[in-house]
Structures are given as structure tokens and as C-alpha cells.
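Going down the list, the protein sequences come from chains D and G. Residues in the first sequence are numbered from 1 upward in steps of one, following the working numbering. Residues in the second sequence are numbered from 1 upward in steps of one, following the working numbering.
Just so you know, these hints were derived from the structure itself, not from any lab. Check each hint, because a few of them may be wrong.
Partner residues aside, some chain G positions facing chain D, computed with beta carbon under 10 Å [what the hints assert, rightly or not]:
| hint | residue |
| --- | --- |
| 1 | 177 |
| 2 | 204 |
| 3 | 243 |
Where chain G lies over chain D, by a calculated footprint (3+ residues, C-beta under 8 Å) [what the hints assert, rightly or not]:
| hint | segment |
| --- | --- |
| 4 | 190-199 |
| 5 | 490-496 |
| 6 | 552-562 |
Residues of chain G placed beyond 10 Å of chain D at every Cβ, according to the derived structure [stated by the list, open to error]:
| hint | residue |
| --- | --- |
| 7 | 22 |
| 8 | 25 |
| 9 | 63 |
| 10 | 76 |
| 11 | 118 |
| 12 | 131 |
| 13 | 135 |
| 14 | 175 |
| 15 | 191 |
| 16 | 254 |
Since the structure is predicted, the reported quantities are computational estimates derived from the model, not experimental observations. Don't be surprised by glycine CBs; every beta carbon is placed ideally from N, CA and C.
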Amino acid sequence: MTESNPAAAVRVAEAPADRARTFAWNPGLVIGLVILVVVALTAIIAPLVFGAQATGVGSDPGQSASAAHPLGTDTLGRDMLARTLVATQSTVLMALFATALSSVVGIALGIGVWLAPRRLRELGLRLIEFAVSYPTMLVAIIVAAILGQGVVQVVVAVAVANIAGFARLTANLAAKISASEYVTTARLMGVPVHRLALRHVLPNMAEPILILIAGAFSGALVEISGLSFIGLGAQSPAFDWGTLLNDGLSRIAVNPIVIVGPAVALTFTSLAALMVGDGLAAAANPRSNSTRARLVRAEGEPALVAIEGDDVVLIADGITVTHGSTGRPLVSDVSFTIRRGEVLGIVGESGSGKSLTASVVARLLGEGLEASARRLELGGTDLIGRVSGRTLASKIGLVYQDPGTALNPALVLGSQLSDVLTIRLGFPRRGALGLLARAFEAVKLSDPEGRLRQHPHQLSGGMKQRAMIASAMSTKPDLLIADEPTTALDVTVQREVLSLLKRMNEQSGTAVLFISHDLGVVRALCDRVLVMKDGRIVERIDDVATLSEDTVEHPYTKQLLAATPVVAVPREARS
Amino acid sequence: MSEVMVDVRGLDVSFGSARVLRGVDLRLERGRTVGVVGESGSGKSTLAKVLVGTVRAASGTATVDGVDIVAADRRAMRAYRRRTQMIPQDPYSSLSPRRTIAQTLAEAIDPARARVARHEQLIAEWLVRVGLSADMMHRFPHEFSGGQRQRIAIARGLIIDPHLVIADEITSALDVSVQAQILDLLAGIKESLGVTMMFISHNLAVVQRVSDDVVVLYQGEVVEAGPVEQVYSDPQHWYTRRLLDADPGAPGFGLAS
Numbered sequence: 001m002t003e004s005n006p007a008a009a010v011r012v013a014e015a016p017a018d019r020a021r022t023f024a025w026n027p028g029l030v031i032g033l034v035i036l037v038v039v040a041l042t043a044i045i046a047p048l049v050f051g052a053q054a055t056g057v058g059s060d061p062g063q064s065a066s067a068a069h070p071l072g073t074d075t076l077g078r079d080m081l082a083r084t085l086v087a088t089q090s091t092v093l094m095a096l097f098a099t100a101l102s103s104v105v106g107i108a109l110g111i112g113v114w115l116a117p118r119r120l121r122e123l124g125l126r127l128i129e130f131a132v133s134y135p136t137m138l139v140a141i142i143v144a145a146i147l148g149q150g151v152v153q154v155v156v157a158v159a160v161a162n163i164a165g166f167a168r169l170t171a172n173l174a175a176k177i178s179a180s181e182y183v184t185t186a187r188l189m190g191v192p193v194h195r196l197a198l199r200h201v202l203p204n205m206a207e208p209i210l211i212l213i214a215g216a217f218s219g220a221l222v223e224i225s226g227l228s229f230i231g232l233g234a235q236s237p238a239f240d241w242g243t244l245l246n247d248g249l250s251r252i253a254v255n256p257i258v259i260v261g262p263a264v265a266l267t268f269t270s271l272a273a274l275m276v277g278d279g280l281a282a283a284a285n286p287r288s289n290s291t292r293a294r295l296v297r298a299e300g301e302p303a304l305v306a307i308e309g310d311d312v313v314l315i316a317d318g319i320t321v322t323h324g325s326t327g328r329p330l331v332s333d334v335s336f337t338i339r340r341g342e343v344l345g346i347v348g349e350s351g352s353g354k355s356l357t358a359s360v361v362a363r364l365l366g367e368g369l370e371a372s373a374r375r376l377e378l379g380g381t382d383l384i385g386r387v388s389g390r391t392l393a394s395k396i397g398l399v400y401q402d403p404g405t406a407l408n409p410a411l412v413l414g415s416q417l418s419d420v421l422t423i424r425l426g427f428p429r430r431g432a433l434g435l436l437a438r439a440f441e442a443v444k445l446s447d448p449e450g451r452l453r454q455h456p457h458q459l460s461g462g463m464k465q466r467a468m469i470a471s472a473m474s475t476k477p478d479l480l481i482a483d484e485p486t487t488a489l490d491v492t493v494q495r496e497v498l499s500l501l502k503r504m505n506e507q508s509g510t511a512v513l514f515i516s517h518d519l520g521v522v523r524a525l526c527d528r529v530l531v532m533k534d535g536r537i538v539e540r541i542d543d544v545a546t547l548s549e550d551t552v553e554h555p556y557t558k559q560l561l562a563a564t565p566v567v568a569v570p571r572e573a574r575s
Numbered sequence: 001m002s003e004v005m006v007d008v009r010g011l012d013v014s015f016g017s018a019r020v021l022r023g024v025d026l027r028l029e030r031g032r033t034v035g036v037v038g039e040s041g042s043g044k045s046t047l048a049k050v051l052v053g054t055v056r057a058a059s060g061t062a063t064v065d066g067v068d069i070v071a072a073d074r075r076a077m078r079a080y081r082r083r084t085q086m087i088p089q090d091p092y093s094s095l096s097p098r099r100t101i102a103q104t105l106a107e108a109i110d111p112a113r114a115r116v117a118r119h120e121q122l123i124a125e126w127l128v129r130v131g132l133s134a135d136m137m138h139r140f141p142h143e144f145s146g147g148q149r150q151r152i153a154i155a156r157g158l159i160i161d162p163h164l165v166i167a168d169e170i171t172s173a174l175d176v177s178v179q180a181q182i183l184d185l186l187a188g189i190k191e192s193l194g195v196t197m198m199f200i201s202h203n204l205a206v207v208q209r210v211s212d213d214v215v216v217l218y219q220g221e222v223v224e225a226g227p228v229e230q231v232y233s234d235p236q237h238w239y240t241r242r243l244l245d246a247d248p249g250a251p252g253f254g255l256a257s
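This is chain D alone, in the form it adopts within the complex (with noise of 0.2 Å):
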């Protein structure tokens, strides 16, 4: 078992209440719909309006490419082109058919395992995998051969080959959004388990099925037509595009023109519909669409004038983060210094632009935004522009809100955390765990050499923080920044980070930049303290020792000062 606090669950952010769905359309989405849009036109009019040319015996048999007949003709003189475009209705009313069936059976499998008692629900869920496991190609092949022949055999056997498909992923949908608290909740409320399903299930799981519907779809396309050209669907007269393949190839060395278009007609609508679904694909993932940060010089006069005293470690002048595609400011006209030895908090709440701050600094601002500063420089390096990696990793450490999260549960300690010293900073192997282990003996984790090829899961959260300190310490940073390194831990935890935080400042003169909600944590550590607000600084306190709600003048830092709980006890009642 890992080790959990629910006082551990990561902050989540003060949603913006435009924090709609959106929906994102994309160039492939919208191809696709037209395709398929042009298909479905296509499916309802063509057999209205080439129904004789498509069924009557024309005069001229086995015609090439011409003008009266551009895809040429078949062996009993019907014109191809009409005959595809016919070949429309009956092909994709087939493939609809047969995506229903599977889509609506495989749903109610995969919600029925997932009603079931605890071992039935286990044999269900291996019974979906065996049956996924295999091509479905080669089941609708075997269940049309058993089935026979004729249109209504093959779309059963292509719903049949697909049905498993659906199964598992509203199996393992319906598993997800169950262990979610509000399914939890109305489990402990007393709603049947059937309007669970109906209520909170399966709408929630709309999206990713219908991505796996246009899927499907495209699939029992190709399905049905390599069925029929198999000679198994639609039986003459009747005819779809596998048909039409099939007399085709027949002929394909003495008239190739007439495959041209069943094959053309296949593959763009099976197409298009691979588009919708990727495009839905992307539109239920905004991110996907996000081009990547950016980090300019902005021109304007500095904010910082003058810069007293030749320990300055870090100069932040007019930082400024916007969202890319909406503009809106996050961070605006940032600027502050942290001297050597220092440790500078910026404390704020959600949607303060505290973090985003630390992620400029850091060089690792998050996908879609925009960043700019008149000045960020680093012990003398310019951070702005192009920036080795070598540079950052020997300039600056980094320390995470969740060291749950933060190490890869697959790896040994010993090989992540050295990492940054043998691909950054060219250290041997053995070199870099030497440095590694003093590391984790300097913030006194016990055992330091077996620490090394321990996993995550063999550490309390309090060690695994204490092991991400001494990693981000190996490098010698010029700036240890910390965001929220002890929001995830339990309070005496917290209290035992914070004092190794200090105590390693204090020792190697690193300079911290402790980003923090708590201002409780951030007056027993910091020097001086900026409060953050709507991306802006609104105080700077520069006497945190003395730090009350009559010391500080905005507004907002009494208020926070005021809303941080603290243990009201009577001083002389303690002892």
C-alpha cells in the first residue's frame, strides 16, 4: 500500500466558473463530417437517381474509361460509377446496422459485468479480454460461415466480431466512474444499482464512446465489404462495394478502371470516419490542440532600478504569462530578487500566479502559455532565450507538491534521482550515486546506500520529499525552488521538511523560493514573503518575524492572515 493522507489530497484549483466544456473543433473533425455528410447525400439520392442506370443491361459490356461512362462499364454493360454510387446506401446501411448492434449489446455487457456479483464480474472481464484478443476480421469471418450467406447474416457476424470491443471499454469505463465519490456517494445514499448505472454511468461515459462508435464504424465498413468480397453478403442481384470488388478483380488485368471506384468510395468514407473519431479525440482532449511555451525578452523600463549589493542570485524583472489562444493574463509584471542565503516565499491561493511564477523561473511553463520578461537573470546567466538544459539543471533544483507523483513508481531511487547528474551534468554512473548518497545523508535519511535501490513504494512520503530535496540539493543549485513541498504531507512531516529546508539553506547557502498557500508555513521559513493575488504582487513583507494582521497593509493580506487557521490556546495553559 502507498502511502495516503486524505489531508494529502493534491490542492486542486479554484475553478473559474468559465470553466465550460468547450468544445474544440479541428481541421480533421470537420473534414470528416463533410465526408461523411457528402456519403450519407450520396446513400439517400444516388439510388433515386442512377437506380436504372445502376440495374439495367447496358449495350456496350466491359467498356474502359469514356466520356458516357468515366469508370467504365461491367461485364453486362452497367455503368460503374453509377453502380458505386448506389452501392452507397445499401453498404453504409449495413455498417450502421451493424455498429448499432454492437454498440448497443456490447454497452450492455459491459454495464451488466459491471453490475454483477464480485466473481461473476471477474469471469466477465477475462471472458471480454479472451474474446478482444482475438482479430475481429477473423470472427465475423467465422461467424458468417457459420451463419451462411445474405446481408442480414454478415452484419450480425461483423456486430457479433465487434460487440467485445464495446464490452471492455464500458467495463473499464463503468469501473472508473464508479470508484468516482459522486457514484460513492449515491451508493451510500441508497440509489439502486441500476439507476446508478442509468444516472451516473453511462452518461458520463458519452464521450469515449462515441470516439470508439466512429471507430467501430469505419471498421464494420471494411468488415462487411471484405465479407461480401468474400462472396458472403449481399448476394446478386443485390450488390455493395465488396461486390463490386469482387467482379471487379475478375477483370482486373483486362479492365483495372472498374475497381477504381468501389475502392475509392471505401476507402474515403472509412476514412472520414477514422477522422471524426480522432477528431472527437481531440476535442474531448483540449490540450492535444496547445502549441508550446514561450519565453520572450519584453522591452519597457525596468521595475527594478537598483539592485543593492553583489549577492543578488536572482533577478526577475516584469514577468508576464498570458494565455496563448485567449490572451488572458495570468501573471502581470512580476518582478522581485532573491539574494544568496535568502529564501524568498510567495504565498498566495488558487489563480494567484504563484506557481506559474516559480514555472518561468524554472523554465518549465506549461503548454499554451505565453511568457515574457524585461529581465531574468541567474547567477549572472541570462534566462531568457535559449537556455542549455545543462545550464538549468546545474542553476536550479526543484522540489514538488507530491513526492507521491513526483518519483516513478517502477524505478529504483537510486537510478531516477541521479539522472540529473549523469545526463545533465555528464557525471559517471558511479560518480553520480557517490553524490547521491552523501546527498541523502546530508538530509539525514538513515541507510543512505540501500536507500539507493529502494523503490517509492519502500518510503514514507516524509522520506520520499527528503530524498527529492537531496536530489534537487546534488546539483549545487544557485535557487532550490520548493512549490508546495509539504501541502501532500502530515503535519508533523511537514514541520520535519520545513526544518531540513532551513537547516540546508542555512548550510549551503542556497538561495529557496518557497511557493506556498499556507502563510502559517511561510512565516516559520521565509525571510521576506510577496502575497500574490490575481497574478499580481499586492504586498511585499520584508519583516516576517513581526508579521500580524496590524504589520501588513493590503486589504488581501489581512484577510488571509485572518482566514489561516490556527490553534487558539491560551499561552499560559500550555506548558
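Take the given structure of chain D and dock chain G to it, following the hints.
Just chain G now, kept in the frame of chain D:
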């Protein structure tokens, strides 16, 4: 006149070979709030799960409003569960994204049918009571901030007037200023409605804001219990003292260098 609502005696819970709760005793009178504090592995969430009926105790008794839930059969438990409500921790995952606030609250009132029209008045009343407005009832969760969602979750937990409400770390995912508002809201509701509540938190200062009594859990055992003021001002157990000293705002808090 003090009527005992929750009476837990000698509760033992084991998961495999791990003993998660050992001989836990807890008494809670009607209309009072008990804070349960402890760190990871203290067993505080397991205690909550026993009281809502999702975890079975190995031995001991746990009587809530006259029902011994350790001994109760399935049918008795089903009736019991309706009367004990849990307010979950994370306001972002505790409301179904595809259902309106009214639908979510209607489900709490009537789990089987969840008819909004029939309960509209009660829903409107509760939205106002938790500091929202009645015309918000047809909105979806994504239209609300985290604090507003937690208000909705509180309304859902209290709307059927349960005999016991368990609030499990309900402010730990919130900003401090939002947390302060939610604590004020809870204190007000407690005052006006006389709710019996178990308030679980790792944060001693937060527990102090809403609780009358406190229970300190350490590795599955109750190491200290009593009225909040008494326990906080005169802690008897070393672990309670250690917890109090670890509060960053505490007078004893200092970082050894």
C-alpha cells in the same frame, strides 16, 4: 438532557493482518460535533467507513441512534445508511458532471426516483441556507467554484435531516479564505439546526473551529479524547502535544536549525 447519538465501544477493524482500529471508544451526544484528528494511517477514515456501513468491524459495538451497526443485518443496514450521510472531501469529483444541482439534491431526498419537481421547494430552501441562491439549481457543477461545490455537497449531506453527518476532510482541497467561509457556514448550520456531526481533519485549528469534542487517533488507537478546549490547552498524551506543536501557527512552533 443529553441523548447519546453515537456510542462506539471497543471497535476493532483489521484489513488482513493489519489492525487498523484497536479498541476504539467514542461517544457523541445529539447536536454535538466531535472532531477526529490524526495523520496518515491513524484510522480516522476507516472509523468513518465503519459508521457509514462500508467497512465491517471485527469486534466491538457501534451504536448509532439505537442501531448496533456491527451486529445489524443487511436490511437494517440499508435503512440505517439513509440516515447517516457523508460529505466527501473533493468537491471536484463528488458531484456528477452530467447532472444539475437540483437533480443531485433530489437524488439525496429520493434516491430511487430523484424527482426534481416534487422537491423543488426543499432544494431551493437548502441552496439559500448554504449561501447560494435558488435560481442556481438548474446549473451544472462546472459552473461553480470549488467552494460553491462544497456548499452544494454540504446541502446534499444535510437535506434529509440525517441523524449523523460525517464530514471527511471537507476543507482540505480548498483555499484558506474559502475554507474559512465553509467553516463559518458549518458553524452556523450547526447552531441553527442542531446537527450531530463527526468532523474528520488532519488540521487541528480547523477542527477547533467547528467541534465541541475531539478524539485524537494514533495508529488506530484513541490516545486522547475530551472537550476541545480541555484537550488543546492541557494535552495529556505526548502525541497530542506533538500534533499541537506541529501547527505552524502554534506558539511552540519553531524550525530547529
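Inset, instruction - Against the earlier hints, flag every one the structure doesn't satisfy and list their numbers going up. - result: 14, 16
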